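K.L.:
From first to last, the protein sequence lines are chains P and B. The numbering of the first sequence is the working numbering, which starts it at 58 and goes up by one. The numbering of the second sequence is the working numbering, which starts it at 37 and goes up by one.
No lab work stands behind these hints: they were computed from the structure. Just so we're clear, the structure is a prediction, and the values are computed from it rather than from any experiment. In this text, a Cβ means the ideal position worked out from N, Cα and C, and glycines have one as well. Just to be clear, a hint being listed does not mean it is correct.
[Claimed, not checked] Selected chain B positions facing chain P (in silico; Cβ < 8 angstroms):
(1) A46
(2) R72
(3) S75
(4) H81
(5) L82
(6) L84
(7) L134
(8) F136
(9) R141
(10) S143
(11) A146
[Said to hold, decoys possible] Below, simulated DSSO-like cross-link-like pairs (lysine-lysine); rule was C-alpha separation at most 30 angstroms, straight line:
(12) B:K105 / P:K70
(13) P:K158 / P:K58
(14) B:K106 / P:K114
(15) B:K92 / B:K105
(16) B:K138 / B:K105
(17) B:K62 / B:K105
(18) B:K138 / B:K106
(19) P:K58 / B:K92
(20) B:K62 / B:K106
(21) P:K58 / B:K62
(22) B:K62 / B:K92
(23) P:K70 / B:K92
(24) B:K92 / B:K106
(25) P:K114 / P:K70
(26) P:K58 / P:K114
(27) B:K62 / P:K70
(28) B:K138 / P:K70
(29) P:K58 / B:K106
(30) B:K106 / P:K70
(31) P:K158 / P:K114
(32) P:K58 / B:K105
(33) B:K92 / B:K138
(34) B:K138 / B:K62
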Amino acid sequence: KAGVTQTPRYLIKTRGQQVTLSCSPISGHRSVSWYQQTPGQGLQFLFEYFSETQRNKGNFPGRFSGRQFSNSRSEMNVSTLELGDSALYLCASRESATNEKLFFGSGTQLSVL
Amino acid sequence: SQQGEEDPQALSIQEGENATMNCSYKTSINNLQWYRQNSGRGLVHLILIRSNEREKHSGRLRVTLDTSKKSSSLLITASRAADTASYFCATSSGNTPLVFGKGTRLSVIA
């Protein structure tokens with residue numbers, strides 16, 4: 058099976074722009090989670106989707122949003138980018154909402170200038 | 037917050053030595069997991085230990101869990117240069133999302 062695929066791998070944006078990141082989970086996995094990783098804050102949970110429904114949401118402003126499609130692929134969007142949004146955005150999938158083990162993609166490295 | 041905190045933040049050892057990393061957390065958990073991350077890449081699941089387990093092994097990895105002290109340790113025996121990475125503990129409780137610590141950076145010098 059192919060692993061979790063995130064695109065693009067690298068992204069450079071300027072303040073005020075918006076960005077959409079994409080994640081394709083492992084085939085058969087219905088749960089997708091997103092994390093933001095920065096050197097100062099570590100890994101912080103953004104949101105989790107299961108069967109197209111948002112199941113959990115982290116403590117991030119409304120500029121951060123996401124969705125999941127019927128094929129379990131997920132996108133996250135960040136609007137009105139700020140310098141502090143520069144981070145590695147990681148997507149992870151799991152078979153079901155109760156399966157504890159996460160499978161991570163390689164991430165999208167976002168730089169906001 | 038039940039965020040785990042790893043100790044030490046960084047660890048440097050010689051190849052062949054053992055590496056021990058510790059994780060402390062704040063609230064009761066269902067399970068604790070350890071993940072590994074090579075620089076700038078995604079995390080890879082290493083091992084999961086449930087709250088009713090005290091010790092678990094997987095190859096050169098040994099994990100212990102002490103729920104009374106709210107702590108866990110990860111031991112990597114006979115370290116190799118390829119073990120150089122960051123190691124994270126993550127805690128799970130109920131239906132809450134997995135919460136990660138800030139990690140231990142391990143450097144294994146050949």
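K.L.:
Check the structure against each numbered hint from earlier and tell me which ones fail, lowest number first.
P.N.:
The structure breaks hints 1, 2, 3, 5, 9, 10, 11, 12, 21, 23, 27, 29, 30, 32; every other hint is satisfied.
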